[in-house]
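Chains W and V supply the protein sequences, listed in that same order.
Residue 1 is where the first sequence starts when you use my numbering, and the numbers rise one by one after that.
Residue 1 is where the second sequence starts when you use my numbering, and the numbers rise one by one after that.
Worth flagging that the hints you see were computed from the coordinates, not collected in a lab.
Treat each hint with caution, since some may be false.
If chains are identical, the list can't say which one is meant, so a pair holds when it fits in one copy or spans any two.
List time: in silico DMTMM-like cross-link candidates among lysine to aspartate or glutamate, alpha-carbon distance up to 20 Å [to be verified]:
hint: 1; residue 1: Lys273; residue 2: Glu253
hint: 2; residue 1: Lys296; residue 2: Glu225
hint: 3; residue 1: Lys140; residue 2: Glu286
hint: 4; residue 1: Lys163; residue 2: Glu90
hint: 5; residue 1: Lys214; residue 2: Glu225
hint: 6; residue 1: Lys193; residue 2: Glu160
Number of protein chains: 2
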Amino acid sequence: MSLLVVGSVAFDGIETPHGKVDRTLGGAASYFALAASHFSPVRLVGIVGDDFAPHDEALLRRRRIDLAGLERAAGKTFFWAGRYSQNMNERTTLVTELNVFAEFRPSLPQSYCDSAHIFLANIDPTLQRSVLNQVRCKPKVVGLDTMNYWIERTPAELRETLKHAHILMINDDETRQLTGEHNLMRAARHVFKMGPHTLVIKRGEHGALMVHNKFLFSVPGFPLEEVHDPTGAGDSFAGGFMGYLAGAGKLNERTLRNAMVYGSVLGSFAVEKFGVDRLTTLTRREIHARAHQFSKLTSFTL
Amino acid sequence: MSLLVVGSVAFDGIETPHGKVDRTLGGAASYFALAASHFSPVRLVGIVGDDFAPHDEALLRRRRIDLAGLERAAGKTFFWAGRYSQNMNERTTLVTELNVFAEFRPSLPQSYCDSAHIFLANIDPTLQRSVLNQVRCKPKVVGLDTMNYWIERTPAELRETLKHAHILMINDDETRQLTGEHNLMRAARHVFKMGPHTLVIKRGEHGALMVHNKFLFSVPGFPLEEVHDPTGAGDSFAGGFMGYLAGAGKLNERTLRNAMVYGSVLGSFAVEKFGVDRLTTLTRREIHARAHQFSKLTSFTL
Numbered sequence: 001m002s003l004l005v006v007g008s009v010a011f012d013g014i015e016t017p018h019g020k021v022d023r024t025l026g027g028a029a030s031y032f033a034l035a036a037s038h039f040s041p042v043r044l045v046g047i048v049g050d051d052f053a054p055h056d057e058a059l060l061r062r063r064r065i066d067l068a069g070l071e072r073a074a075g076k077t078f079f080w081a082g083r084y085s086q087n088m089n090e091r092t093t094l095v096t097e098l099n100v101f102a103e104f105r106p107s108l109p110q111s112y113c114d115s116a117h118i119f120l121a122n123i124d125p126t127l128q129r130s131v132l133n134q135v136r137c138k139p140k141v142v143g144l145d146t147m148n149y150w151i152e153r154t155p156a157e158l159r160e161t162l163k164h165a166h167i168l169m170i171n172d173d174e175t176r177q178l179t180g181e182h183n184l185m186r187a188a189r190h191v192f193k194m195g196p197h198t199l200v201i202k203r204g205e206h207g208a209l210m211v212h213n214k215f216l217f218s219v220p221g222f223p224l225e226e227v228h229d230p231t232g233a234g235d236s237f238a239g240g241f242m243g244y245l246a247g248a249g250k251l252n253e254r255t256l257r258n259a260m261v262y263g264s265v266l267g268s269f270a271v272e273k274f275g276v277d278r279l280t281t282l283t284r285r286e287i288h289a290r291a292h293q294f295s296k297l298t299s300f301t302l
Numbered sequence: 001m002s003l004l005v006v007g008s009v010a011f012d013g014i015e016t017p018h019g020k021v022d023r024t025l026g027g028a029a030s031y032f033a034l035a036a037s038h039f040s041p042v043r044l045v046g047i048v049g050d051d052f053a054p055h056d057e058a059l060l061r062r063r064r065i066d067l068a069g070l071e072r073a074a075g076k077t078f079f080w081a082g083r084y085s086q087n088m089n090e091r092t093t094l095v096t097e098l099n100v101f102a103e104f105r106p107s108l109p110q111s112y113c114d115s116a117h118i119f120l121a122n123i124d125p126t127l128q129r130s131v132l133n134q135v136r137c138k139p140k141v142v143g144l145d146t147m148n149y150w151i152e153r154t155p156a157e158l159r160e161t162l163k164h165a166h167i168l169m170i171n172d173d174e175t176r177q178l179t180g181e182h183n184l185m186r187a188a189r190h191v192f193k194m195g196p197h198t199l200v201i202k203r204g205e206h207g208a209l210m211v212h213n214k215f216l217f218s219v220p221g222f223p224l225e226e227v228h229d230p231t232g233a234g235d236s237f238a239g240g241f242m243g244y245l246a247g248a249g250k251l252n253e254r255t256l257r258n259a260m261v262y263g264s265v266l267g268s269f270a271v272e273k274f275g276v277d278r279l280t281t282l283t284r285r286e287i288h289a290r291a292h293q294f295s296k297l298t299s300f301t302l
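Chain W with its partners taken away, still in its complex shape (with noise of 0.2 Å):
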């Protein structure tokens, strides 16, 4: 089934001690939708200016994610720059230009209208929630991406579109700061409270926890040796779970722990390379033999 992703495609400037790239395609919604197109159809919903190149858009249609909601506008595409450092524990931001995506209004194409799969990466909740409005049947599923910016500045607007997520995938600390709750088991019910009926907390190289209103679901970060770049992990481990459940298309306890692990195998293969590059030439069988991975690294027998 379908999966539309409705976010931001932008150009990075990368630092990271591994490297440096200086302008490589980049933004929540190619992350995603690159990490999704593994499993599932993927529509694309975002904004880019007259620099975005047609050997950018290659490497979106060349895992054939649909282009028909990828607006051009005259002006330049949003570019962010950062440095992490040493440890990769910290990134400093050194530009952000918004340039066309600050006049962001998310249309859909006709043909984007029946899709039963949403995700609405980190954008303004009042844009998220134009986006539920313009699909026709009531979604399957929800997922939602936010982050402290729209907490403290539009907590009613966050609150409103929050009522129609099935899913929020955050981390701790915006887990804490929505509900001012430290505890995330209290945190998980005020979540339940506001709509979604699953709370996803991703934790970085911890790893990430499903706190369902039923059941508990953890998986741990893969240990890898080497990570390059740790931009879009969040973004990939998004579209490896909403685009496994898209593909199952079945929304069960079994589907939601699979998305978990296939969100996690394709966060950990985001990092291995900088910005999309990993995402792009990974193969199936690379997919399932690290799922299996996985699994080895968190079964035992009583």
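Use these hints to put chain V onto chain W, whose structure you have.
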């Protein structure tokens, strides 16, 4: 099989957002021994002062912990006091009075000298080694804990003691500091060259990662709704881990994986109440029930 532990026995003053105790039984060896006693007979080597009362001793004796190696010296028992922050993420040490512990020179009673399982809790590596030297037969499993203090101040002594340890149990930062390597997988290879074949990285609320030279195993932190007092969680983990191994009497991949789970079970119980309280009331049934909860928390079917 019997499990010998050497380490601190102390009185703790603890303040958390959930309450305050002025003086309660503490110390690494106390937590370790009480946790391990649920799986195996335990022999304790430590030192206390003349203020160590019959009811303190009774807490350990009731769990059938062998105290033939608990030396009594003139003076006061080691006293530590600390305060946890509102979120319990940070701990401030308020008082450290080594007292009789400053002159601790471990001396094994004759009846301990055949111990096949040994845990060297976090003390001076020279004292850790003196315990190994007093054991008659070559022990089957030697576990070792240490901290930044010894890594910085007695690196040569620590290296010498590590040659005789099979399992090193430390946290992320200690692993990085000991090996000079940020990446934990590469750090583990350094550790293997120092002696141990297994590195257990304790990560608090994020669980624990085992890097064995033949396999990897990760266990999450147990998502608790109430943490009353984090003191002793790592020592209780070590006690559950080593106790399980001693009780199983076999050291193989299956028992090592299960040891990680039972270590996590004991660590998760320890923090539910103040001091060692929860470890003394715990039942076999509760322990196995939580081990099965860990299984539900982590299992998936691809």
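Hint-by-hint comparison with the structure:
| no. | hint | result |
| --- | --- | --- |
| 1 | Lys273 to Glu253 | neither (32 Å within a copy, 32 Å between copies) |
| 2 | Lys296 to Glu225 | within (17 Å within a copy, 29 Å between copies) |
| 3 | Lys140 to Glu286 | neither (29 Å within a copy, 39 Å between copies) |
| 4 | Lys163 to Glu90 | neither (33 Å within a copy, 35 Å between copies) |
| 5 | Lys214 to Glu225 | between (35 Å within a copy, 15 Å between copies) |
| 6 | Lys193 to Glu160 | within (12 Å within a copy, 56 Å between copies) |
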